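Chains as they are written, first to last, in this note's numbering: chain A, 1 to 726; chain B, 1 to 726.
If you are wondering where the hints come from, they were derived from the structure by calculation, not from laboratory data.
Check before you lean on any hint, since a few could be wrong.
Repeated chains share a single entry, so a pair holds when one copy, or any two copies, can fit it.
[To be verified] List time: in silico DSS-like cross-link candidates among lysine-lysine, alpha-carbon distance up to 25 Å:
#	residue 1	residue 2
1	K392	K657
2	K213	K399
3	K669	K399
4	K486	K669
5	K399	K575
6	K393	K602
7	K392	K565
8	K565	K399
9	K565	K393
10	K602	K392
11	K657	K213
12	K310	K393
13	K586	K213
14	K669	K392
15	K28	K309
Bear in mind that the values here come from a model prediction, so they are computed numbers and not experimental data.
There are 2 protein chains.
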Amino acid sequence: MAALLILVIVAALLALGYAAFNFIGVKKLDEGTDRMSEIAEAIRVGANAFITYEYKIIGIVVVIIAIIFAAIFSVQYGKFSWEPSVCFIIGVVMSASAGWVGMKIATYANVRVSNTARKTKNIGSTLKVALKGGSVMGLCVGGFALLGLFLVYIIFGYGLNMISISALRDGQHIFTQCLSCYALGCSIVAMFNRVGGGIYTKAADMGADLVGKTEAHIPEDDPRNPATIADNVGDNVGDVAGLGSDLLESFVGAISSAIILAVSLFLSNIANKLTVSDTLLMKMMYFPLVFAAIGLIASCLGIAYVLIKKGSDSPHRDLNISTWSAAVITIIGGFVATYFMFKPETKAVLDVAGFKTGYTSPWIAASLGVISGVIIGAIAEYYTSYDYNPTKKIAESAKEGAALTITQGLAVGMKSCMLPLIILGITTYVSYAVSGMFGIAMAAVGMLSFVSATVSVDTYGPISDNAGGIAEMSELEPEVREITDKLDSVGNTTAAIGKGFAIGSASFAALSLMVSFLYAFQPEGSQLELNFTNPLILAGALIGGALPFLFSGMLIEAVANAARKMVDEVRRQFKEIPGILEGKAKPDYKTCIEISSQGALKEMRMPAVLSIIFPVISGFLFGPYFVGGLLIGATLSAIMLAIFTGNAGGAWDNAKKYIESGVFEGQGKGSPAHDAAVVGDTVGDPLKDTVGPSLDILIKIMSTVSLVAAVLFYNYNLLYLIFGIR
Amino acid sequence: MAALLILVIVAALLALGYAAFNFIGVKKLDEGTDRMSEIAEAIRVGANAFITYEYKIIGIVVVIIAIIFAAIFSVQYGKFSWEPSVCFIIGVVMSASAGWVGMKIATYANVRVSNTARKTKNIGSTLKVALKGGSVMGLCVGGFALLGLFLVYIIFGYGLNMISISALRDGQHIFTQCLSCYALGCSIVAMFNRVGGGIYTKAADMGADLVGKTEAHIPEDDPRNPATIADNVGDNVGDVAGLGSDLLESFVGAISSAIILAVSLFLSNIANKLTVSDTLLMKMMYFPLVFAAIGLIASCLGIAYVLIKKGSDSPHRDLNISTWSAAVITIIGGFVATYFMFKPETKAVLDVAGFKTGYTSPWIAASLGVISGVIIGAIAEYYTSYDYNPTKKIAESAKEGAALTITQGLAVGMKSCMLPLIILGITTYVSYAVSGMFGIAMAAVGMLSFVSATVSVDTYGPISDNAGGIAEMSELEPEVREITDKLDSVGNTTAAIGKGFAIGSASFAALSLMVSFLYAFQPEGSQLELNFTNPLILAGALIGGALPFLFSGMLIEAVANAARKMVDEVRRQFKEIPGILEGKAKPDYKTCIEISSQGALKEMRMPAVLSIIFPVISGFLFGPYFVGGLLIGATLSAIMLAIFTGNAGGAWDNAKKYIESGVFEGQGKGSPAHDAAVVGDTVGDPLKDTVGPSLDILIKIMSTVSLVAAVLFYNYNLLYLIFGIR
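Construct the complete structure from the given sequences, taking the supplied hints into account.
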């Protein structure tokens, strides 16, 4: 069985190697004019400064948590238990590395994309550079995630013999604990990158727009605006590194929870005196890894195909081809794997594991996940692209003023929740029907298996956006800007698809983590009776449901606070630096970058602490049932809010773009309709780029924290210790 | 035991008698100048026309549903079962009567309030007229609700012997079915009044504002605006009749579900072979009614006290006194009732019923409900009154433009969800801990017991608002307008408190209906295992969670669509009627009223059908587990959305008022800050007055429909009939 680990490490190294190859390939390209180099350098320095500062803080937090974990688990297991802490640190290192490499390449690729456009004047070649840059982030997500899992399996599973059947049977669960801690390590970094990065990018963006566009009437990305470099740094910090760590976490969370569920199921079957098969357990512990490895290899193939094939003039189609081909190859490869792994088992053995449709069961669940990931992305595209009615209707409303623009956008966002949730509901039910709880987790693994392809396409967006900014700031020919604009507009659609996918997959990962929590918290492996007539669960669900709203409200205020400081600074510079608006004096970009950095890291503190502390405190006060309810409530309301904010924000943004494209005669840029659309876009910005993505993290981090502490909650909580109520 | 029914009918008749007394007392007052009478008449005719038209539609819908019910229940019970249909019709008649009387008095009281202000120039006397008018609606809510329950008990319980112990023990549940159908009758009317009225009032309001304030620059309630009468009609239709039927439905839902739970508990104890006490069951079946009757009497006393005592110059304090005194008297009276009813029972008997703290158990639960109702109201006041920071901060943001006003308002609304949910969570848990599931239902009864006092205070608001409008339109002296403005501003705060209370109590009523559903659906009285690891429940919760978002999005669009038609009409009149803007020609009010009426009744169709059909179709497709999940998901997300929209809308409205009060020097009416605040208010209007209140109805109607059809879902659903999956 261990031979399967070779497949995992091969896939990881293939992806990382291909990432390195593309990194070098991009970096060796020319940066263009001096002005371009200079701007790119400023962005690069700003991004580096933020991530260095942020990683220092992460370092401190991580060391503290690792020590606490070692202490707690040593008490819990009655011997010095350093293993979960080390796994936690491996997770941190993997996720931090992926974010760092991805951000690095994005700050190299942006200027090289502008330069390719400048030199070739060809959209196909320019697209390839942007996608090559994006692929580095995408491949690193899959590569580092599997590398870390490989390490955890090799060091702890084999080296320390934790996945021997006898070790698993003794019910101490230390291997599943190691996996949870590995996932938590990834979560912590994702929290910083996504929440901190999200606040950073929107504070800079809103700050730049509020003074630049509205007061000084200078266009977006104008070099006279002191906040413009910070805005571009933000794209790399929030939209690249943040997105990467977010999806890496979902990927790891889905795989880990599938493995944990396999173990729990095994133990619960033993507890129920069923005849279990040790071989099948092992296979179920490897199948999620194998499926993920196949997905990663498929993603490499999908990306390589688009990078190698002759460039077409439809960038959108090319990008879709890479995702879809990855999805199809994953499904086919997954079938081969399930055939070889589960076909040899007898029906009786498979029945005990809950495989209702024979050996194909886990494959059906995983394939359903793949398909629903693609569909959820398409739904997000429908609601946010201006090719379709919802966004067009917002643009129409803009003619009637800001109030109706906002109203219509809210309506679109709210209505957009139903379809993705129906897809999630069907996938949940059918994957359970064919393969039990393990099926739900496998659907999550499936949905995330081709994550490297989707992240590559998704990262292409902010790189093109930055490239456009650099073209504008370097005052390149309009033709160049035209090419980057075209790429950017495709990027908006892919970003919407990517956001839908991120939310859908995060929901699924969270659901599957939640289910693991229900199974994991009792040492006997029996499952938590999460009955809604239990008032602790009901109370937990009520309070949990309010948590994402509180968290969102805090984040919106955080962005607004940070943006206000930026506004003050930009106003100050416009006033105090003579000649700045005439382009004669250089603005002080650095101070703006510092304001964004400090604002982001200060403002993220409360929400970050909240998401970690809330489940922990509730667990020790009211026990696992309350936490179970809390997770259900929070997951449900976070999914809705994330879809609502993501789609409303995306639709407002594109409604503005639709008006800018000149569809309404005489109502282009600067018209009252456009002004109304700008209000919509400004409201939508923090919703779609800070709140929505951060909600993904909120529910995953709450679930992982709870999963890690589940047994502790069960044994030590106030209600139990004082009143004996469990 | 039946003697207790005398208390119920005495309370009901006392309330209705007092309502009649106040109705006559208000009506005999003078209407003032001819101009005032004329305007009042126009509003009255408009309101009558709408409600007559609406009630005709309700009539048709009701007859159809009653026939379907008779058919279904005849099949289910194997004999011709007309009883539930009759109970359903009783519910419809009670709720419709309350709404009709309340709206009637509001259209008489408005002009008399203006006239009292004109004649006395005294705020205390004017307040009394407004409150006297409001009290008619409040007292009718409690009076008609209990009258109907009395009829159901007397006719079906006694006359047809349905609550004899033997009838209850045979498990056919027809009496509980009668109660559910009675509650559903109230729900149907509430749905029309609240959703239809909500669309009506905001379509007229937004339509009037969008052209009047923004384009023609004429003030609010200006008689030159053709939509202004429709706007005033809307207050009476949506804010008076809609609110009244909404709370009547919550009141009835809470009481019915407490009684149903008592019966289910009894049957489930028998099924579990426990020794049950028939006397205790009877007492538990009467206690909710008794507590509600005490609350109604207490409300009469509270209202009478304020109407009789010497008027002070602090209207807000006077209004609070009536609510608080009603709450205190209810708690004290409730203790007396619990003492006489449950003290005589032995500990063993009480233990079986789940009374953990002896005979006081249900009283503790109900009192907790009363207290949390008051607290939730106070929290809503904190978030929406401009005496406190959240609203002030929105007003501050208005200086920075529309986008930040919206952003800040969204943040306030989102953050405001946590505290009320913590209160709900604590109340749920503690009331269960002292008195089991019956305790949760009793907490809901407690929260709603003094509903007549809160509705009276709440109805005072729109009456004062209308009075102000009439004063403006009749061009009365500024002093009069000053008095009505002061009353109106107090009305805004009481409206916010009332909205918080409406949402809190609706949530509780829905929770308690949901719990009844879990218990009720199995003929044996055993409870539905609503375990979240059941994938049907999980899928149901996911889809259910999206439902309130879909519903809200549809309602926002409905208001916008109806408002657009109004805008077109107002623009047409401004253009086509010469001299209208100079005040020389009279606008055509009637057409605007017709547009609002037709728009409302057309636009409400889809959302109304959705809320009834969705649970029914899902129930027959996927069975009761799916519906259970659906209810949980929908209830959770509706509670959050209702609080979010209610508080965000209220805060925007008051932020605008705060700016109008002139706190920011040089930034009063017409300034850019005020313009930004108007955008916030316009966005908030449909959120707080249409979406939020309609969500109350959505969850209650879904729960009641499911409760009525529970057994059918269990026996006839596609999954069960085809795959045998239950």
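Going through the hints against the structure:
1. K392 / K657: within (11 Å within a copy, 34 Å between copies)
2. K213 / K399: both (19 Å within a copy, 17 Å between copies)
3. K669 / K399: Both: 13 Å inside a copy, 24 Å across copies.
4. K486 / K669: within (18 Å within a copy, 44 Å between copies)
5. K399 / K575: between (34 Å within a copy, 20 Å between copies)
6. K393 / K602: Answer is between; shortest inter-copy Cα gap is 20 Å, intra-copy 38 Å.
7. K392 / K565: between (34 Å within a copy, 19 Å between copies)
8. K565 / K399: between (32 Å within a copy, 15 Å between copies)
9. K565 / K393: The answer is between: 16 Å across copies meets 25 Å, while 34 Å in one copy does not.
10. K602 / K392: For K602 and K392, the Cα distance is within 25 Å only across copies (24 Å; inside one copy 38 Å).
11. K657 / K213: Intra 15 Å, inter 29 Å, cutoff 25 Å: intra-copy only.
12. K310 / K393: Neither. Shortest intra-copy (37 Å) and inter-copy (56 Å) distances fail the 25 Å Cα cut-off.
13. K586 / K213: within (18 Å within a copy, 44 Å between copies)
14. K669 / K392: Cα proximity of K669 and K392: one copy only (17 Å, versus 33 Å across).
15. K28 / K309: within (21 Å within a copy, 88 Å between copies)
Taken one by one, the earlier hints fail for this structure only at number 12.
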